[in-house]
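Participant: As given, the protein sequences belong to chains A and B, one line each in that order. Following the numbering used here, the numbering of the first sequence begins with 1 at its first residue and continues without gaps. Following the numbering used here, the numbering of the second sequence begins with 158 at its first residue and continues without gaps.
Hints may be right or wrong, so weigh each one.
[To be verified] Here are the simulated DSSO-like cross-link-like pairs (lysine-lysine), alpha carbons at most 27 angstroms apart as the crow flies:
{"hint": "1", "chain 1": "A", "residue 1": "Lys22", "chain 2": "B", "residue 2": "Lys276"}
{"hint": "2", "chain 1": "B", "residue 1": "Lys275", "chain 2": "A", "residue 2": "Lys25"}
{"hint": "3", "chain 1": "B", "residue 1": "Lys235", "chain 2": "B", "residue 2": "Lys176"}
[What the hints assert, rightly or not] Chain B stretches covered by chain A per the calculated footprint, using a threshold of three residues with CB under 8 angstroms from any CB of chain A:
{"hint": "4", "stretch": "159 to 171"}
{"hint": "5", "stretch": "260 to 266"}
Derived from the structure by calculation, the hints contain no laboratory data. Note that CB positions come from ideal geometry on N, CA and C, so glycine has one too.
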Amino acid sequence: MNIDIKNTLASLADIFIKTGIKAIKALFMIEVEKRQDWEVGIKTVCKSNFVMTMGSSNDNYQALLVFAMENLSICQLLGQNEVSPQYALDVLGELGNTYCGMLMDSKEFIQSFGILKQSIPTVYVNGQSYMPCILGIEGQLYFKDNFITIRYAIQKK
Amino acid sequence: MSKTVIIIDDSEFLIQQLKKFFINELKLNVVATGKDGNEAIALYRQFHPDLITLDITMPNKTGEDAVKEIIAEFPDAKILIISAVRGDSILDCMAYGAKGYIEKPLYFSETEFVDDFKKTIEEIWEN
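Excised from the complex, chain A in its bound form (with noise of 0.2 angstroms):
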């Protein structure tokens, strides 16, 4: 385990948290709150009914930015009924670009792992991800009695 890694996440916690918090207040104009602790640890599953992942990275570091989202809050998030996986790409790739910008706009974000540069999203429907076996920090960010999974994975190249 990458011990240098694993406290710099940890010790950035409120930056993911506060980042979470403003990227879904700008898209969607709703507050969400932090309900518990956000964790640092690795997680190579991810089961839920839309697992948005968006990678990123820079000459030394690689991430991944992962959204779980359960049907229904996506659609509470949305106000809709229902939400196809197009339009779950669309919603969640547009959170991810915002997530990954404002992240970039935090100066302690920069100091510990540089700019890093995100590539197209990717959504997964009704089914088990597999992620990489690499160190994230990982929490959710609660709306009503909904609540979307964020979690940042990112290691050294």
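Guided by the hints, dock chain B onto chain A, whose structure is given.
Facilitator: Frame of chain A, contents of chain B only:
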């Protein structure tokens, strides 16, 4: 009569957000929307809007290329770039003739952002 706008973005979600903003906040008439640079050019020819907004990163034809082609055909076109892209591409778009730039994400819940957005559009039309 309210001014006309065309919105071009490859995200349907963002198109809908912008459309709501233009109609409800700015009382503009959104005459068409499109998802890439090719549609931008075709829709501009068809509607000759008072304003066209362009994302930069789009499939088939980028916003940057669309700016070049629209300005070549309609030198007075009022083009507003709305994009998350930072750096040279923005400067290139402005050099090719775009009249303004709004950086994503779009903070429609923040008064300061909304005021800046309105001011940018007013300045485009004044100049």
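Participant: The structure should be examined with respect to each hint, and the outcome stated for every one.
Facilitator: Checked hints:
{"no.": "1", "hint": "A:Lys22 / B:Lys276", "in the structure": "holds (23 angstroms)"}
{"no.": "2", "hint": "B:Lys275 / A:Lys25", "in the structure": "holds (20 angstroms)"}
{"no.": "3", "hint": "B:Lys235 / B:Lys176", "in the structure": "holds (17 angstroms)"}
{"no.": "4", "hint": "159 to 171", "in the structure": "holds (count 4)"}
{"no.": "5", "hint": "260 to 266", "in the structure": "holds (count 6)"}
Hint check: no violations occur; every hint is consistent with the structure.
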